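Undergrad: Chain A is fixed; fit chain B onto it per the hints.
Residue numbers (numbering that gives the first Met the number 0), protein chains in the order written: chain A, 0 to 560; chain B, 0 to 144.
Please keep in mind that the hints were generated in silico from the structure rather than gathered at the bench.
Bear in mind the structure is a predicted one, so any value in this text is a computation, not a measurement.
Glycine residues also receive a C-beta, built at the ideal position from the N, C-alpha and C atoms.
Warning: the hint list may mix true and false statements.
What follows is a set of in silico ranges between Cβ atoms, one per label pair, in the way DEER data are often shown [stated by the list, open to error]:
id : chain 1 : residue 1 : chain 2 : residue 2 : range
1  : A       : Gly116    : B       : Gly126    : 48 to 56 Å
2  : A       : Ser40     : B       : Asp35     : 24 to 32 Å
3  : A       : Asp466    : B       : Gly66     : 51 to 59 Å
4  : B       : Phe65     : A       : Ala375    : 29 to 37 Å
5  : A       : Leu483    : B       : Arg5      : 34 to 42 Å
6  : B       : Asp2      : A       : Arg458    : 46 to 54 Å
Partial selection, computed: residues in chain B whose CB lies under 10 Å from chain A [claimed, not checked]:
id : residue
7  : Val15
8  : Pro17
9  : Gly22
10 : Gly24
11 : Phe33
12 : Ala37
13 : Ala74
14 : Leu81
15 : Thr103
16 : Phe107
17 : Leu108
18 : Ala110
19 : Val125
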Amino acid sequence: MTTSTDVVIVGSGAGGSALAYAFTNAGFDVVVLEKGPRHASAEFVHDEILGEQGVDVFPPSIDDDPHIVVELSPDRREPRRTLDGWSASCVGGGTMHMGASLHRMHPSDFRLRSLLGSFESVADWPYTYADLEPYYTRAEWLLGVSGSDDGMPMELRRSRPLPMEPLRSHPLVHRFDAVCRARSVGTFATPRGINSRPYDDRPACEYCDLCAGFGCPNGARAGAQDTLLRRAEATGRCEIKANTMVAEVLVGPRRRATSVRYVDRGGAEHVATGSVICISASAMESARLLLLSGAAAGDAGIGNENGLVGRFLHFHISSAGRGTFEQDPVERATPAGRNPFFGRSIMDYYFLPPAVSSYAKGGLHEFDMQRLQPIAIARHAAFSDGANGSADAGMELLWGAPLKRALKGRLATQCAVDFEVFQDGFANGGTYMDLDPDVRDKWGLPVARMQYTHLPHYRAAGRWLVDRGLEILDAMGATATRTLGVGVRNGYMVHGTCRAGSDPSTSVLNPFCRVHDISNLFVVDGSFMPASGAAPATLTIVANALRCADYVVDRARSFEL
Amino acid sequence: MYDDERRTLAAAMSCVLPDDAMGPGATAAGAIDFVDAAIVHGYCRRSLPEVLRGLPLLDDCASAMFGRTFVACDADARDAVLQRLRDVPHRTAHRFLVSLVRVTIAGFLSAPRHGGNRNGCGWNYVGYVPHHRTAAEQHDEVAVG
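Just chain B, same shape as in the assembly:
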């Protein structure tokens, strides 16, 4: 991912799971850091390529609707862009959107050692406590920090 792609994706993820009065979202959870790890390790191997391929749709759509990049839009405008992508009769747009939601959720709720769900804030938000950890998993968490 280039820097501008990374910024666009981070903005889109915070649109999917905003940080708000209810609690932390994709930004606090560092969901974009999960994407970095996912690219390296091949996680989400069906949805992640769809997300990366479809990323230009966000800027295309934002500039058509608001005359600026997706990142330059405010929260309401970003939300309008996602709604537009949902409503157009366009399979690529739908696949992108579905995949974006799938990857964002993975970045929010996967084990913190994969880069997202920082300090378990996603798990805390939904009241999930990881139950069983083998010695190998605990060792891994120490190793990755």
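Here chain A stands alone, though its shape is the one from the complex:
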């Protein structure tokens, strides 16, 4: 069967849903093809066991739809299946389970190479923070971001304030603020895509225990289904086809993309034709679709004349730490005492002092309460809050009366403040993706394979950044602090596979995310990013999509497309 529309969008996450919103509101008809299912909010049950089992609810099954990773390190070269590079496979994509820290990137992130010098394969963005600023603002108001400019670095103050005041914070935040003030460390409220009061016909957050990693049952969090896609569908011009796997983009004469070929849940083949085709399937899957489309025609892949599709793959890097605090059991039982949000961020360590690492880029610290998940906390306590659950000889493992004491202590009279440091990942010669020659997904198509090299900078910077966070927790009076991770790959946050740039010989997309030599094919998700920045990219992906949509609408109206 053939469907015909103005714009075909492949994927419905942060990028695809923002496009769907923008195009439908400009009067275009849109068909969104989403590989995953559409979950109803009633399916977002807040249950630790179901959540733990429910990796299938968001990312796909590793049997059906894996990626392959080859670690290019001396001790680990065997290819293995991974879900790294997936954030979700469902209508709304990763926004449906995000922690919703909707930071803007720092102006310096757009021109890192110019500012800090050459490092691995990092490149400047083809546009500046000032170009994106109006779209950041639109994205913040569309999604509904709570937060405040108080304490924000000057260069990040917004041209229009956020639509909502920050969420309430756990009482420990007063100690944190005092410690940071005394040390002249600047802090600001973490901008969150979560309603602090009713907004956008959605209710306020109910401060339940399980947030990031779980679906939001009442729509207070700005998941795309509840925000951008809802508004797109309300126009009557947006059709979302869930459970449809796009296998190929078809390119016709005069270098125009004509349509996509897709398979529905029952295995039947269909074609969707559109005047504009947008791929927004997240960085690895979007690049994979370009490569698959070429394979069918026997060439290197759409947009891959220079072999650059997949070339500049990079992930975000994460480091983390935790401080445990005694808490009065009575306070712990109050709504304030079990507030899941700490809601503070620090950007004072966004750049590193000399001699910490080979490159002077640091990261963004974000502090939050450890989630009140009794099973996860209890299991942690069983390993003396030490080992990570690995089964090694001489392990510290509690059971019997010591375990019962530990559970009571840890869950009834203590709480913990966690921090995560978001660090840049950098495109480098040893990290790239292509199609796996052997492994196929459940549709019989070659899966994406990545070769991955972990740069020493990640750990050097991560160690220093974690120490800064632990110092603050110590000064707050934590009874114990510990490092949870140093410079590890964040498999959810993937970018760069179709780099955008002004020069077709060094990039796949033009500055508006159009494939260089194809006049109506766009890749709009994290794929375009020449550098990841140190802030999570969701808001940036939405803002960039709104910017690209404006470009398409302008060109279409003047018949230039």
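TA: Just chain B now, kept in the frame of chain A:
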């Protein structure tokens, strides 16, 4: 699970979280009933297969140490068996033990509708009050009883 496996596992779980003067443990919480549900629904899908695979280690070890089955041992002897499994330089034994602790904790602290944490006694013990329940969850609890 066969009946004797179920008895062995229940005994091992009560060793991990004993019912004692501090409060209820795996037996009062019906943690073994959680395992029944977990097998059917695929919960704890990494640790549960390790537990089921490693279960014969308990009887093997108990009969080597005390000349009887694990279930026939008293509480101190059962504890000695677990300690032995921890101390042997044997990865399978360690994986079993870690998984046993993980599954027992899940049976003690998961939502009562999954079979364990009977009447919320595990939650009560650690002072946890479930905070947010959607209409669907409440409906589920009524349906499952």
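Undergrad: Please go over all the hints and tell whether each is borne out by the structure.
TA: These are the hints, each one checked on the structure:
| no. | hint | in the structure |
| --- | --- | --- |
| 1 | Gly116/A - Gly126/B: 48 to 56 Å | holds (54 Å) |
| 2 | Ser40/A - Asp35/B: 24 to 32 Å | holds (30 Å) |
| 3 | Asp466/A - Gly66/B: 51 to 59 Å | holds (54 Å) |
| 4 | Phe65/B - Ala375/A: 29 to 37 Å | holds (35 Å) |
| 5 | Leu483/A - Arg5/B: 34 to 42 Å | holds (37 Å) |
| 6 | Asp2/B - Arg458/A: 46 to 54 Å | holds (52 Å) |
| 7 | Val15 | holds (4 Å) |
| 8 | Pro17 | holds (6 Å) |
| 9 | Gly22 | holds (7 Å) |
| 10 | Gly24 | holds (7 Å) |
| 11 | Phe33 | holds (9 Å) |
| 12 | Ala37 | holds (8 Å) |
| 13 | Ala74 | holds (9 Å) |
| 14 | Leu81 | holds (6 Å) |
| 15 | Thr103 | holds (8 Å) |
| 16 | Phe107 | holds (8 Å) |
| 17 | Leu108 | holds (4 Å) |
| 18 | Ala110 | holds (5 Å) |
| 19 | Val125 | holds (4 Å) |
Consistency note: the structure conflicts with none of the earlier hints.
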